[in-house]
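> One letter stands for each residue in the lines below.
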Amino acid sequence: MQALLSFEQAPPFTAPLRFFLTAPLFAMLAALLVLWSGPELFASRWTPAALALTHLITVGFMLQVMLGAMLQILPVAAGANLPRPLLVATLVHIAIALGALLLAAAFLSYQPLAFRLAAALVGSGVALFVAAAGYSLYGVSSTDPTIRGLKAALIGLSVTVCLGVLLATALAGAFEVPLLQLTSIHLGWGFVGWSVVLLAAVASVVVPMFQMTPPYPQWFAGRFSWVVLALLSLWSVADTAAWQRLEALLAGATVLSIAVFATLTLQLQRRSKRARFDATQRYWCVAMLSALAACSLWLAARSFPALAERQEWPLLCGVLALFGSFMSVMTGMLYKIVPFLVWSHLQNLGRGRVLAPNMNKVIAGKQIDGQMYAHLLALLLLFGAVLRPTWFAYPAGLALLAANGWLLHNIVCAVRFYRGHRLKIEAQTTHAAIGR
Amino acid sequence: MDDDADLVLDARDLEPPEPMVRTLEALNTLARSEKLLVLLPREPYPLYRALELNGFAWQTERRPDGTVAVLIRHQTP
Numbered sequence: 001m002q003a004l005l006s007f008e009q010a011p012p013f014t015a016p017l018r019f020f021l022t023a024p025l026f027a028m029l030a031a032l033l034v035l036w037s038g039p040e041l042f043a044s045r046w047t048p049a050a051l052a053l054t055h056l057i058t059v060g061f062m063l064q065v066m067l068g069a070m071l072q073i074l075p076v077a078a079g080a081n082l083p084r085p086l087l088v089a090t091l092v093h094i095a096i097a098l099g100a101l102l103l104a105a106a107f108l109s110y111q112p113l114a115f116r117l118a119a120a121l122v123g124s125g126v127a128l129f130v131a132a133a134g135y136s137l138y139g140v141s142s143t144d145p146t147i148r149g150l151k152a153a154l155i156g157l158s159v160t161v162c163l164g165v166l167l168a169t170a171l172a173g174a175f176e177v178p179l180l181q182l183t184s185i186h187l188g189w190g191f192v193g194w195s196v197v198l199l200a201a202v203a204s205v206v207v208p209m210f211q212m213t214p215p216y217p218q219w220f221a222g223r224f225s226w227v228v229l230a231l232l233s234l235w236s237v238a239d240t241a242a243w244q245r246l247e248a249l250l251a252g253a254t255v256l257s258i259a260v261f262a263t264l265t266l267q268l269q270r271r272s273k274r275a276r277f278d279a280t281q282r283y284w285c286v287a288m289l290s291a292l293a294a295c296s297l298w299l300a301a302r303s304f305p306a307l308a309e310r311q312e313w314p315l316l317c318g319v320l321a322l323f324g325s326f327m328s329v330m331t332g333m334l335y336k337i338v339p340f341l342v343w344s345h346l347q348n349l350g351r352g353r354v355l356a357p358n359m360n361k362v363i364a365g366k367q368i369d370g371q372m373y374a375h376l377l378a379l380l381l382l383f384g385a386v387l388r389p390t391w392f393a394y395p396a397g398l399a400l401l402a403a404n405g406w407l408l409h410n411i412v413c414a415v416r417f418y419r420g421h422r423l424k425i426e427a428q429t430t431h432a433a434i435g436r
Numbered sequence: 001m002d003d004d005a006d007l008v009l010d011a012r013d014l015e016p017p018e019p020m021v022r023t024l025e026a027l028n029t030l031a032r033s034e035k036l037l038v039l040l041p042r043e044p045y046p047l048y049r050a051l052e053l054n055g056f057a058w059q060t061e062r063r064p065d066g067t068v069a070v071l072i073r074h075q076t077p
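These protein sequences, in sequence, are chains A and B. For the first sequence, the numbering used here assigns the number 1 to the initial residue and increments by one for each residue that follows. For the second sequence, the numbering used here assigns the number 1 to the initial residue and increments by one for each residue that follows.
Bound-form chain A, shown alone (with noise of 0.2 Å):
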């Protein structure tokens, strides 16, 4: 056998690698405006810290893993093979990169300029990677759910980053927009039409093939990412309208179908065939315990009013989404995407003549576990600094930046790895050409 990939469709192994790279880096710098920042950062959701440290993690740390895994996802899952991979994994990747960080620095200093700058470089590099992603889908065939997903997902992607274009437009001066009302469904396309229609479409696949459970049922897995779109396309036009009702129980049906995807996976999980849990799947077990906990909180806070007065749920509710849920599914799910991308280029490298070395050496198991539970303290302390700001906020930054700094460590130990195999397989093929 000669190759497993062919250099002119798969992305090269640096294409996706640069945005793995980079999500660590962005949630240490978020780890660093708690350390800066304080207590004064959890007063409030809408303090100028917490709206920085939101776009830290998702536009920095989730936008970047969950952009360099749909390069990979898209040919192995759909066949669909981006044009010009290397090119738009840069170009997309730079925008990404520099908007997030300036977008940031917009919040922590209301300087027009900076939001006008994010809002082009984040809206022009998401709109180049929707146009290859959805020029490589086109003509792919809706039939699979996987794929009915990536296609959704990219749709909820781009209403997110058209409602941040316009709010942070808005915040620059340009014009006026009602922004609580734009911010609330900004956050509600963002979370779920984008973040979990992804996550759900990604999970069909890689919850059954990395997890050895059986396969989400049909009626979920065949209609969840459109019904979802449904829901909340319709919650925007009720909450726009001022429809309170409706308003509420489109919400509510939306925040339930969350909690309905994540009974689903914790159940297949507990029918896992594997003997014992490795670190990506307790990762997701924590990211869909911590989805369900978000869930409740949300319905709980709708129902009661004396808990929807309180400062402190929506800051729970982030806590539990982006770190609890996504931050967690996502690093689990590096420890799967990066090993795999080492073997199967080194697999190729190697052209059948020099076999690459097995996956799971390739990030050593104990550094993984290390990382998690430096992780889940993180989580932990973010919790106690939502209750108990003056006391948790220092603890919590700080496991936040080791968590991240232990994230990098072992992506970067990877491809040290790879490197140093690649230079094997080069010198045992050149030696065997020789000796021909």
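Do not take every clue at face value.
Only some residues are given here: those of chain A computed to face chain B with a beta carbon under 10 Å [what the hints assert, rightly or not]:
no. : residue
1   : V76
2   : A78
3   : G79
4   : I155
5   : S158
6   : P208
7   : F210
8   : R270
9   : R271
10  : R276
11  : L355
These are calculated hints, taken from the structure and not from any lab test. A quick note: this is a predicted structure, and the numbers were derived from the prediction, not measured. A virtual CB, placed ideally from N, CA and C, is assigned to each residue, including glycine.
Please build the complex by placing chain B on the supplied structure of chain A, with the hints as guidance.
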């Protein structure tokens, strides 16, 4: 399809990249006239690319239980 195959590889319960590794191993020793049937839990897009690059032809069948059966042979027997 099952009757046409000389060798059958059931890779439905294996964790990636084992299905790919075992298929490639089996193809390395596949005689020019032989056919290999691989049973998988999903459509193997990366495998198709590897097959195309290495001179194999294949037929895919989706079964009601979700199994994807890929019958592989050399392009030029």
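> If a hint holds in the structure, say so; if it does not, say that too.
Each hint, compared with the structure:
1. V76: holds (6 Å)
2. A78: holds (7 Å)
3. G79: holds (4 Å)
4. I155: violated (23 Å)
5. S158: violated (25 Å)
6. P208: At 7 Å from the nearest chain B Cβ, P208/A passes the 10 Å test, so the hint holds.
7. F210: Holds, about 6 Å.
8. R270: violated (17 Å)
9. R271: It is violated, given that the least Cβ distance between R271/A and chain B is near 13 Å, above 10 Å.
10. R276: violated (13 Å)
11. L355: holds (8 Å)
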